[in-house]
Structures are given as C-alpha cells and as structure tokens.
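Number of protein chains: 2
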Amino acid sequence: MKAHIITIGDEILIGQTLNTNAAFIGEKLSQIQIKINGASIVPDDETKILKEFKRAFDSNDLVLVTGGLGPTHDDITRKCVVDFFETELVESEEVLADVNKFFEARGRILTDTNRGQALVPKAASPIRNSKGTAPGIWIEKKKKIFICMPGVPYEMKEMMERFVIPKLEEKLERKSFIVVKNLLATGIPESNLYDRLGNMDELLQGAKMAFLPSQFGVKLRITIECHIEVDANNKLEEIEQKIRAKAGRYIYGKNDDTMESVVAKLLIDRGLKIAVAESCTGGLINNRLTNISGSSQYLERGIIAYSNGAKVELLHVGEDTIQKNGSVSLEVARQLAEGVKAISGTDIGLAVTGIMGPTGGSENKPVGLVYVGICDSNICTAKEFRFGDDRLLNKDRTSQAALEMVRRNLLGIPYDD
Amino acid sequence: MKAHIITIGDEILIGQTLNTNAAFIGEKLSQIQIKINGASIVPDDETKILKEFKRAFDSNDLVLVTGGLGPTHDDITRKCVVDFFETELVESEEVLADVNKFFEARGRILTDTNRGQALVPKAASPIRNSKGTAPGIWIEKKKKIFICMPGVPYEMKEMMERFVIPKLEEKLERKSFIVVKNLLATGIPESNLYDRLGNMDELLQGAKMAFLPSQFGVKLRITIECHIEVDANNKLEEIEQKIRAKAGRYIYGKNDDTMESVVAKLLIDRGLKIAVAESCTGGLINNRLTNISGSSQYLERGIIAYSNGAKVELLHVGEDTIQKNGSVSLEVARQLAEGVKAISGTDIGLAVTGIMGPTGGSENKPVGLVYVGICDSNICTAKEFRFGDDRLLNKDRTSQAALEMVRRNLLGIPYDD
Chain V
1 MKAHIITIGD
11 EILIGQTLNT
21 NAAFIGEKLS
31 QIQIKINGAS
41 IVPDDETKIL
51 KEFKRAFDSN
61 DLVLVTGGLG
71 PTHDDITRKC
81 VVDFFETELV
91 ESEEVLADVN
101 KFFEARGRIL
111 TDTNRGQALV
121 PKAASPIRNS
131 KGTAPGIWIE
141 KKKKIFICMP
151 GVPYEMKEMM
161 ERFVIPKLEE
171 KLERKSFIVV
181 KNLLATGIPE
191 SNLYDRLGNM
201 DELLQGAKMA
211 FLPSQFGVKL
221 RITIECHIEV
231 DANNKLEEIE
241 QKIRAKAGRY
251 IYGKNDDTME
261 SVVAKLLIDR
271 GLKIAVAESC
281 TGGLINNRLT
291 NISGSSQYLE
301 RGIIAYSNGA
311 KVELLHVGED
321 TIQKNGSVSL
331 EVARQLAEGV
341 KAISGTDIGL
351 AVTGIMGPTG
361 GSENKPVGLV
371 YVGICDSNIC
381 TAKEFRFGDD
391 RLLNKDRTSQ
401 AALEMVRRNL
411 LGIPYDD
Chain A
1 MKAHIITIGD
11 EILIGQTLNT
21 NAAFIGEKLS
31 QIQIKINGAS
41 IVPDDETKIL
51 KEFKRAFDSN
61 DLVLVTGGLG
71 PTHDDITRKC
81 VVDFFETELV
91 ESEEVLADVN
101 KFFEARGRIL
111 TDTNRGQALV
121 PKAASPIRNS
131 KGTAPGIWIE
141 KKKKIFICMP
151 GVPYEMKEMM
161 ERFVIPKLEE
171 KLERKSFIVV
181 KNLLATGIPE
191 SNLYDRLGNM
201 DELLQGAKMA
211 FLPSQFGVKL
221 RITIECHIEV
231 DANNKLEEIE
241 QKIRAKAGRY
251 IYGKNDDTME
261 SVVAKLLIDR
271 GLKIAVAESC
281 TGGLINNRLT
291 NISGSSQYLE
301 RGIIAYSNGA
311 KVELLHVGED
321 TIQKNGSVSL
331 EVARQLAEGV
341 KAISGTDIGL
351 AVTGIMGPTG
361 GSENKPVGLV
371 YVGICDSNIC
381 TAKEFRFGDD
391 RLLNKDRTSQ
401 AALEMVRRNL
411 LGIPYDD
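Chains V and A, in that order, are what the protein sequence lines are.
The first sequence lines up with residues 1 to 417 when you count with this note's numbering.
The second sequence lines up with residues 1 to 417 when you count with this note's numbering.
Heads up, some of the hints might be wrong.
Any copy, or any two copies together, can satisfy a pair, since identical chains are not distinguished.
[What the hints assert, rightly or not] In silico DSS-like pairs for lysine-lysine, Cα to Cα no more than 27 Å straight-line:
1) Lys365 <-> Lys101
2) Lys51 <-> Lys35
3) Lys51 <-> Lys208
4) Lys51 <-> Lys2
5) Lys208 <-> Lys48
6) Lys144 <-> Lys175
7) Lys131 <-> Lys365
8) Lys171 <-> Lys131
Worth flagging that the hints you see were computed from the coordinates, not collected in a lab.
Small disclaimer: the values here were computed from a predicted structure and weren't measured.
Working from the sequences, and respecting the hints, build out all of it.
Here you go:
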C-alpha cells in the first residue's frame, strides 16, 4: 500500500507553522509498514487543492489529508472533497449528536456555524472527533482510500491513533515485519555514548540504529526488518542487552517513556512521596511531575522559591549561607532540598538553583551553572552541572538532570559520572 | 515570481526528522514577497526526484530543493540535476579551493570522496558553502531559476541568508507588497469569534484572514497584498481596528507575543509583583512566567499546593472551607489567591484549582472543571471554567485562562464573558 500525505494551509507554506502533522502521520504509517511515496503542502486555494487531490489519488492507494476542516470561511477542504468525489453534503445524526455533546459539556450554545460541522460528504464515513467538533472523512473508491482529518494536531493525532491506524491495519496484508525500539539515555554526550558502544557493525549485525540527540538526552532508535516477527523481536532484545551492558546506567527508559513517567512509576511502586523546591526552573520540574495522571499519589507540594526571601522564609535556607555562597551554590541547593523535605514531611526532597540566562552570569558563575540538591532519609547532597546559554533549553536540561538524580537515588545508581 | 519548495529525504517522509528546512525557506521567501505555490517531500529515489523536478519546474518560476547533496552513496540530488538539465559534471576550482580550506582548518586529510564535492553541473553556478563541503547549485534556464541546497539546516540557512535571498531580491521586480499580521485571541471559541466578527467580505475587503485555533486560543492571520506598501499597511491597520472594535477584549497580543510575554510586560511596566498558587496545573503557570528573561522582576514566588495539607498549612485556606465546598471550588480558589498574596506580600495573588483528568471527575465536578482565583489590593474573586478531558491540554488551557485573568485585571477588562 503506497501512501501520499497532503497538508493544507498557507501558514505551513510560509513557515509560520511547522508541519508536525505530516511528520506524525509519516511516522505512524511507517510503523505499520505502509510505504510513503511522497508528501505535499498546498495553499488554501480550491483549484490547487483539487489538482493535488487528483494527482495524489491517481498514483497512490492511500491519501491522507490534514487541515481546512474547521467551521470558518477559510476552511475549504470539505467543499473540495465534495467536488472531487462528485458527491453532496448530508447531515450526519451521529456527528450532530457528538457536536451537541461537546457543546453541552462546555455549557456553550450551539450556533448555526457549529451545526454546520455535522454536514459530511454523502460518499464518506465520518470519523468521530472526540477532541473537537470537525469530523474526519473516510472515503473508499476503486479499492483506494482517501482520508481527511482536521489540522489541529491533537484532534488529528487522536483520530489517527484511535481510528485510522487500527482500520488501516485491518486492511493490510503483511509480508515482512519491521520492529522498532527506542532506548532513552541521558547524562552522557552523544559522542561519548557512541564511543562507549564500540563497533557498530558488531553491535547491530544488520539492524539499523540512529542517534537522536536533544536537550533531554540521546534517543537510540533501533530498527530491524525480518520475515518472521519473533525473529525480529529476538534480535532486538539481543541488541538491547548488549547496549545495556555497555551503557545501562544512562538508559532511563524506552519508547514512549518520559523521565517523569519513569520517576512517577518508581515512586508509586515504592509508595514514596516527594516535594520539590525550584528556583531557576520556575515550576518546570513540578509541572513535569504533574503531567502524569495520578501524580497526587507521589507529589505532596512544590515551592517556587524565586526570591531569596522565599528561600529563607519558606524553606529555612540560612541567610548567612546565601550571603557567603550566593543563592546559586552547592550548599543552597542542599539546604533547599533539606528544607522542602522537612516542611512537607516527604520521603524525598529535591531542589534546583542555577543561572538560566541569557543574562545574570558572571565570570565565577556563568550562565548555565546549575546545582541540584537531593535529600532522602539517609543523606542530603548536591551536584553541579554546566549547561549552555539558551534559557529554555537550560530549563529543560536542568529539569531532566534533577529528575535523573531522583531516578538514580531510587535505583541506587551513584550520582557521579 | 511563483515558487515551489522540494525537500528530498526518506527521514523526512517517515517523520524521523521534522521538515524545518521547508518552513525556513517558506518564511524567507514570503518575507521578500515571493509567493509559494506549493511544497513537496520526495523519497531518495531517482525516478521520483526527476518526476518532481519536472512537475515543479514546469509550473513555477523558482524551484528550491534541499537535501541529498552530501558525499555519500545515498545522496543523489546532484546526479538528478545533471540528468534533468542534460548537462555534465565539471570540477570547479573555486569549490575545490573551498573544500581544501575546510579540511585544512580541521586538520583532516582530503579523500577522493571529499574531492568529488568539487564537481558541479556545467550548467550551474555553484553556491559557496561556508559551513560545510557540499556546494549549492544555481541554474537559470528559460527565465526560470532552479536552486539546490544541502539538507543540513545550518548549511542551508547560511546559503539562503548570505546568497540566495540577496540574489533573488536583485532579480525581483516588485509589483506588489504582501503584509501579514497575526492577532492572538483567547477566552472565546473559534466559532463565536467568527460570528462576532460578522460579514467577512465586509470586514476584509479583499484581504485574507485565517482562523488558527489551538488550546491557547485563536490566532487570526490577516494577509494583504497591495501595489504600494503603505497602502497595505494602512489597510491592515484599518482591519485590525475593526476587529478590535468587535472583539478587542479577547485579543491579548499579536505576532510572536505569548500570553506570558504580554503579562510580563504589563507587570514590569507597572512595577507590580505577583505570586502564584497552583493546584491542578502543578507548576505550569509559574513555569510559563519564568520562561521570560528577567522574570525575577515580577515573580516573587509560587506554591504548588497539591495536597490539601499544603493548601491549609502554607496558604491558610480554611479546613472547613475545603470540607464544605471541596478543594475544587470557587471559594477555595479565592482563598488560595488571597493566601499566596498575603504570605508573599505581592500586589497580585493568582491561584488555580481544578480536575485535569483523565480520572478524578464526578457527576457534580466533572473532569475539566477549573476555578481561577485572583486578588489585588481591592478585590478577591474567582471564576469557573469548563474544559475538556485531556490532561495536558487542560493544563495548557487552565494556565492560559489564569494568565488571561491577570491581563484583564491589569487592563481593567471585566473577567466575565
């Protein structure tokens, strides 16, 4: 099955919005072994959209379109679909019920503009939208499939994962299996990790591996293609074990794990509670910890002690300690962690202080200098990190390093190295 | 001049690499008023690349290609250019000197593979590459321009900014000017905003406007094309005024503004300080406020009062209030805001409490129910919101609604409606 992806929207063409939709769709299709023949971006222009629909549908088995399904005048995809398939719009009772429910839940009144969302092309099966009001469109013709989804990323993603991918999988006849696994490492630079893993051919034996670095660490993406699924999985397992033997302490998770989901699971499994004092990250660590459903099981409270006053009053950091060492120091990080643990009565206290930039650095304490403090029932300690000069990346890096300290604490991995 | 952008590479098609190159090129071209007709992504496949070259060059005045110019076997763009323009490869002395210099500077030895980078299509002027070894390609034929650049983003960007854009500007005969402005609205659903703005033709008078919704609100992108630049700007100003007259209270910023940058500026301009108590958003509001450099000027502290204990102990919310109303209630939101203002000695206290989901809802208090409390020196109040069922989107929406309450407070816009 050969696929083509069409993204509709001037904002994508002129670079105001990054085309994350095409990337997401491409990734999901390739995960189920559908070959992507090409992708295109088309402006909000009826003639150009119709021309592209024709070109894509003529030379592919599957066409996926995103964008232009909303309720306003600039959304013309549905109209183009009606013209292209020479059909007409009919009101779908099912979709109208969805739209009604959506508005009721939000205590809003349904306008005619909204009601118009329930009109779907007669030739199509509507795809239900659980995150918004515009339904997707699924049309089958001449053994080919044509799909339209909204351009709002979270609406499109939900449709892809819940409906489009499962339904496409039903229709596929499998000849070979590609398995993919991502191992997530942090606390080690890409090139050091590469050197540590040694000879690649020996390690991979025909499999493929990509190093994908970001501010959160390095993702290792391993891809294996086999005729028999179990062979591919066995080979993958073998490679993973070899990698873990060489760099296991840096690997905090796999696939869709995040550092916060890994730490959350460890805390819940052990029935432990944490409290977090943040200075430079300004709430990011607590925010990440509360992105996980059920976070009240392990997060007791957080303090964003941005001013020195807040550090002293709320967390009992010594005024003399700040005066002697400065608020960005190993000792203040340690005392912040101690303080937040003490006032919250939790098992673990975590704290960060640092200089995120772009301003505020000095020769002795440059932008990117960070201290992470951590306390459990046995020991209170802190560690120094040096990051870069970009404020938002530094916040991400600091939050990742702090949560990695918690992971290492819980697993008994030394903080150093 | 009509342009088409081609990105070459399997990694883009299968979503492993985000197509930031096409976005960058699109943005740069539209800044110099070149109209982008379309964009496409093509796999590393000779037949498909040639077919796309032909299609794009036939119906455009300008084609820009990135990717596949490197030294290894999988880079086939140059070969395709040679075939497409029926030319041959010749060694460019100028490029060879560049490549030699590049290797000398890095103390590396030039191999035959590297030397091959100095071969350029005879029909082309090479574009020098100051960040790498693969030269770009500039071909003019039949009054049309065909450009190839490397796929490495920083090499491509350098070529675009230093060479391609200035040279294209020389060739342009400006006949019209395109100006673009984004107005950022929040607190009003897309369809209500649309209805409020009334007749679009009357409002826009030939200009174009797109509604771009997200969890943070609705972006209105207005585009105007005129023969005289000042006319375009005047017309834009006129449309903006009309929109503001009809929906001004919802518009919190324009272009690259974010809600946090708008609120930060208002607080700094007035010399005011804020403290924020978060329950359900778990640190996100404080995190957003500290994403702005210089945030210590206006943020005193934040409290993530996740447990009821923390709400009572740290922020002096009445235990009886929680028992009577529940922790997700109008009164608790109000008391949290009052408490955080009082303990911090700030001008404004902001607080949120709510149910982010996916679990934790009940019939009376469903997932998505949120209360935002705000206190200044005159008044303490709170407002109810009802959002959806996605945890992370609800956190975003809640943080946006809370910061919007601060903006309205500072500008004297009523909270209701």
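Hint check results:
1. In the homo-oligomer, the alpha carbons of Lys365 and Lys101 lie at most 27 Å apart only across protomers (17 Å), although the nearest pairing inside one protomer, at 56 Å, exceeds that limit.
2. Taking CA atoms no more than 27 Å apart as the test, Lys51 paired with Lys35 passes in both settings, with 22 Å inside one copy and 18 Å between copies.
3. Taking identical chains as interchangeable, the C-alpha atoms of Lys51 and Lys208 lie at most 27 Å apart only when they sit on different chains, with a minimum of 22 Å there against 33 Å within one chain.
4. Within a single copy, Lys51 and Lys2 get their C-alpha atoms as close as 19 Å, and across copies as close as 17 Å, so both meet the 27 Å cut-off.
5. Only between protomers do Lys208 and Lys48 lie at most 27 Å apart by alpha-carbon distance; the minimum there is 17 Å, versus 35 Å within a single protomer.
6. Taking CA atoms no more than 27 Å apart as the test, Lys144 paired with Lys175 passes inside one copy only; the shortest distance there is 18 Å, against 44 Å between copies.
7. Within a single copy, Lys131 and Lys365 get their C-alpha atoms only as close as 47 Å, which misses the 27 Å cut-off; across copies the closest is 20 Å, which meets it.
8. Proximity of Lys171 and Lys131 under a CA criterion of 27 Å is satisfied intra-copy only: 26 Å inside one chain copy versus 47 Å between copies.
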